[in-house]
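Input sequences plus hints: build the corresponding full structure.
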Amino acid sequence: MEHIAALLLIIGCSDNLEQCRELPSPVTVFETVEECEDALPVGLRTFSGQHPQIFAKCLTVDPAMEEEDAELTWDVKPDGTLVASIGAPDVMVASDSARTEKRHQTQE
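Heads up: the sequence shown begins at 67 in my numbering, then just goes up one per residue.
Keep in mind the hints are simulated off the structure, nothing from the lab.
Mixed in with the good hints there might be a few duds.
To be verified - Taking CB as the label site, the calculated pair distances span:
(1) E97 x P144: 31 to 37 Å
(2) L110 x A130: 25 to 31 Å
(3) E100 x A130: 19 to 25 Å
(4) T126 x P92: 17 to 23 Å
(5) G153 x P118: 28 to 34 Å
(6) G153 x D81: 29 to 35 Å
Source: prediction; values computed, not measured.
Don't be surprised by glycine CBs; every beta carbon is placed ideally from N, CA and C.
So this is what it looks like as structure tokens:
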């Protein structure tokens, strides 16, 4: 089984950075960060002239993280900095305390 070590993220934005979107990378995942960094200039050239501003970043992926549990989040700051990360999604568990209490009463 192939382990993913890096992900190439490419973002295209308007001149004022108010509208940004992910762009499809020619190659998305890499076995090493070095391979990703080598492909980064090609990824940027692919979209040259199609968007006023283009940003790209190689993100390290923890091989222990399950792909289906991984969540990519990114933002382009007003100063033009691309901030991105891959991590586990926040999980919130909700419970109805009245319902739980009622269930405990009927089981006694």
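Going through the hints against the structure:
1. Here the CB-CB span from E97 to P144 is close to 35 Å, well matched to the stated 31 to 37 Å.
2. At roughly 30 Å, the beta carbons of L110 and A130 sit within the given window of 25 to 31 Å.
3. At roughly 20 Å, the beta-carbon separation of E100 and A130 lies within the given 19 to 25 Å, and the hint holds.
4. As the Cβ distance of T126 to P92 is approximately 20 Å, the hint placing it in 17 to 23 Å holds.
5. The hint said 28 to 34 Å for the Cβ distance between G153 and P118, and at roughly 30 Å that hint holds.
6. Taken as a hint, the range 29 to 35 Å holds for the pair G153 and D81, whose Cβ atoms sit roughly 31 Å apart.
Going down the numbered hints, you'll see the structure goes against none, and every one checks out.
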